[in-house]
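There are 2 protein chains.
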Amino acid sequence: MASIKPSLVKGTRDFSPAEMEKRNFIFNTLKRVFRKYGYNEIQTPSFENLSTLTGKYGEEGDRLIFKILNSGDYLSKASAELLAEKNSLKLVPQISEKALRYDLTVPFARYVVMHQNDIAFPFKRFQIQPVWRADKPQRGRYREFFQCDVDVVGSDSLLNEAEFVLIYHEALLDLGLRDFNIKLNNRKILSGIAEVIGKPELIVDMTVAIDKLDKIGLEGVNKELLDRGFVDADLEVLKPIILLSGSNTEKINSLKSVLANSEIGLKGLAEIEEVFAYLTKLGKGALLEHIVELDVTLARGLNYYTGCIFEVKTNEVQMGSIGGGGRYDDLTGMFGLKDMTGAGVSFGADRIYDVLEELNLFPESAAAQTKLLIINFDETIESYTLPLLQRLREAGIAVELYPKALKLKKQMGYADAKRIPYVLLVGEEEVQSGQLSLKNMQSGEQQKVSADRLLTLMA
Amino acid sequence: MASIKPSLVKGTRDFSPAEMEKRNFIFNTLKRVFRKYGYNEIQTPSFENLSTLTGKYGEEGDRLIFKILNSGDYLSKASAELLAEKNSLKLVPQISEKALRYDLTVPFARYVVMHQNDIAFPFKRFQIQPVWRADKPQRGRYREFFQCDVDVVGSDSLLNEAEFVLIYHEALLDLGLRDFNIKLNNRKILSGIAEVIGKPELIVDMTVAIDKLDKIGLEGVNKELLDRGFVDADLEVLKPIILLSGSNTEKINSLKSVLANSEIGLKGLAEIEEVFAYLTKLGKGALLEHIVELDVTLARGLNYYTGCIFEVKTNEVQMGSIGGGGRYDDLTGMFGLKDMTGAGVSFGADRIYDVLEELNLFPESAAAQTKLLIINFDETIESYTLPLLQRLREAGIAVELYPKALKLKKQMGYADAKRIPYVLLVGEEEVQSGQLSLKNMQSGEQQKVSADRLLTLMA
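Chains F and B supply the protein sequences, listed in that same order.
If you count the first sequence from 1, position 24 lands on 24 in the UniProt record's numbering, and the numbers rise without skipping.
If you count the second sequence from 1, position 279 lands on 279 in the UniProt record's numbering, and the numbers rise without skipping.
These are calculated hints, taken from the structure and not from any lab test.
Fair warning: there could be bad hints in the mix.
No distinction is drawn between identical chains; accordingly, a pair holds when it is met within one copy or between any pair of copies.
The list that follows gives simulated cross-link-like pairs (lysine to any residue, SDA-like), each with its CA atoms no further than 20 Å apart [unchecked claim]:
#1 LYS22 to ASP378
#2 LYS5 to ASP234
#3 LYS199 to GLY154
#4 LYS56 to SER437
#5 LYS267 to ARG453
#6 LYS56 to SER247
#7 LYS251 to LEU218
#8 LYS90 to LEU75
#9 LYS22 to ILE128
#10 LYS77 to LYS251
#11 LYS183 to ASP118
#12 LYS86 to SER96
#13 LYS404 to ASP339
#14 LYS215 to MET334
#15 LYS90 to PHE362
#16 LYS313 to ALA286
#17 LYS5 to ASN49
Keep in mind it's a predicted model, so treat the numbers as computed, not measured.
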């Protein structure tokens, strides 16, 4: 076998033990919270039929889907003409039937439709799996990354939306974050605004523009609105909406008068009020004062959300949104199952990882780690320590005996590298006295302990 | 969007909440045991450079690797000649640079070589991830399945082999299995036997034949040995070896005389004896009587194992091996890093799943499940139950309020389908008295409890 210098595919990552520990801290925290709110885990296959995925993400999305080459003599049925003209695009369906999933939403919709007769609705599921996109890799953008989605389908109750707020709040607190905002909007409010202006057909242009307020300021937004077909009179109507400030109640009251003549706009406001009322009844009204914020400039995923829209931002470090979601009224329509309303949110695990790293919020030693390393002095003492090794394991303690009597420095270095918090030194003297030397690797302190005492200390 | 009836790619599977719970029971059990023995988790990307994978699994293996089509205008640089002659095989490297991993071993070797300067050896890692093979799907054989590998590299100590026996033993017991065998052999013993017969070059033919003893019996093995170049005199020498019986000690003693003139054969025996001695010193000598079994007909993975070979079989149901592994002296040689010895074993998660299912060994209710469903009677009572809902969650209890006041039967059906063990019925009477009706869904028993008592009961 020729020896080649190995490398990773660009945009993909290895996760070392230390990184896995941190990633597992995030995933386990999220799973615990999801389960508490009645969401259960599912998994779908890494690849789907190409036809299941194409046409769901727009032209650009289709281009970014990784296609899998058919096995065997894949060219046998390919059109000689397409091959001759090297028509890459048109040849794809002839040589590829499968593709890696691009997100978790379309596979979830496929799952719901396929298993609709076995599912007890409302179906509350979470899913944490990698997805793949043939994007140009750059800092923070990977070709393989994990999505963490939590969705309910088959229930139009706004209790679900209120619970998503609680799920975000509880999960982010459990991860150690302290200052973040959960922003809420409603597609119907945006429709109402476009209606009031008399340009419902420009709703997308309007939201795309006002969504940029944070980045380009009011002047920039106004310029873009004019470019996109609005006139000065429209800007006058929009200005107080865009610059809406005050408490959530104040914002709702202002919007009520602006949207007084729009049925759909008032419906959107009523939905927001109902979500807020649920939070209050759940004993979480205090969240409405600082954490939860009505933000009508929020226009995430406007092409599929039909009700509430969520977005979460941390204020502790500079970072885009670390989560988002909303309600969609027709998730499964693409697969022929109509009127299945749903709502869901997702957590941006990679960004959350970076935030926790920057804030130094990962717990120092996860329970998963080896707790004790027994130093290997020589064969005779190795035999003495072996029963102790197994006794500790039987007590449920993660422990290792260094497998060879190498130099002490080498063995201590191993404990250091693996961040093992305790080291047990057993020499002839210790064998004689039965008093073993236990070293705390962080403080450097060393104490003599009996085997029984060691078990108690490590447990 | 055209509505298409969705389906799965053949050989792939969805995992429902109930199935995920069971799969997680297996994976969590394995992870807990791996960590106890000092193994830490890593993950590698789903796809690797095609060049990293090809040539590692033989011609048949190369054929079964799923290749990913290059993005964009992938045909632009393809040879017009190959396209014209529809040469599928030769065209692959021109239109595909990436491929889905075929196993966890080659990516692990790649990982060790790439990160060798950051790793504290011995490097003890486990890895539980899906792998993909373009195999013809059939019952029990999937195109996407999970491998669970646990390996140590950079240590030649036979303590590692002894610990793999303990890992198998502890993990399988924790999974609920009671009657299984951990079979051990050593490649060097097989080499010794071939040497004694004077046909070292036929070692592979010999082991392929005697490996079939279980299936085709001694007569069949003998026939195959003759077909493969052995003569009657060889069969006489092999017969007592193939039919070797008695305790492990008896087998070792017999082999010592058979292999008296083979240095390598005696080395293999000495290694087996050392593994057994480690088990005895670890206080697990009893395993050698019924669980651990020296089996010289075991010839798994002979082309890469160089020392001990493992295989695990359950005796409780009809099933192939549920685990196996061994020592390999040159894992990373394929990527230019020499003399890196390692040993590892794996668990066949899909087979273990089927075994536990058949034996009904999955725990009835995993902790992950929703514990309590609060029935939704009407809006007024919903408001009454909301603070209780959140209070239960704050005590760490997984609980749901049915999100709409549908018919009781429908709500109870939901609890049934989700196997929620308790249901809380709150009507006007309960609101008045503060005594809530708690129903045990399994026994059907119903009792009146206060909110405080409910918290205690559910905790």
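Consistency of the hints with the structure:
1. LYS22 to ASP378: neither (36 Å within a copy, 44 Å between copies)
2. LYS5 to ASP234: neither (62 Å within a copy, 45 Å between copies)
3. LYS199 to GLY154: Neither, since 33 Å and 70 Å both go past 20 Å.
4. LYS56 to SER437: neither (64 Å within a copy, 47 Å between copies)
5. LYS267 to ARG453: Classified as neither; 67 Å inside a copy, 41 Å across copies.
6. LYS56 to SER247: Neither. Shortest intra-copy (38 Å) and inter-copy (64 Å) distances fail the 20 Å Cα cut-off.
7. LYS251 to LEU218: Answer is within: at 18 Å inside a copy they meet the 20 Å cutoff, but 86 Å across does not.
8. LYS90 to LEU75: both (14 Å within a copy, 11 Å between copies)
9. LYS22 to ILE128: Both ways: LYS22 and ILE128 sit 15 Å apart in one copy and 17 Å across, limit 20 Å.
10. LYS77 to LYS251: neither (62 Å within a copy, 58 Å between copies)
11. LYS183 to ASP118: neither (35 Å within a copy, 42 Å between copies)
12. LYS86 to SER96: both (16 Å within a copy, 15 Å between copies)
13. LYS404 to ASP339: between (65 Å within a copy, 17 Å between copies)
14. LYS215 to MET334: For LYS215 and MET334, neither the intra-copy (35 Å) nor the inter-copy (51 Å) Cα distance is at most 20 Å.
15. LYS90 to PHE362: neither (48 Å within a copy, 49 Å between copies)
16. LYS313 to ALA286: Answer is within: at 18 Å inside a copy they meet the 20 Å cutoff, but 58 Å across does not.
17. LYS5 to ASN49: between (34 Å within a copy, 11 Å between copies)
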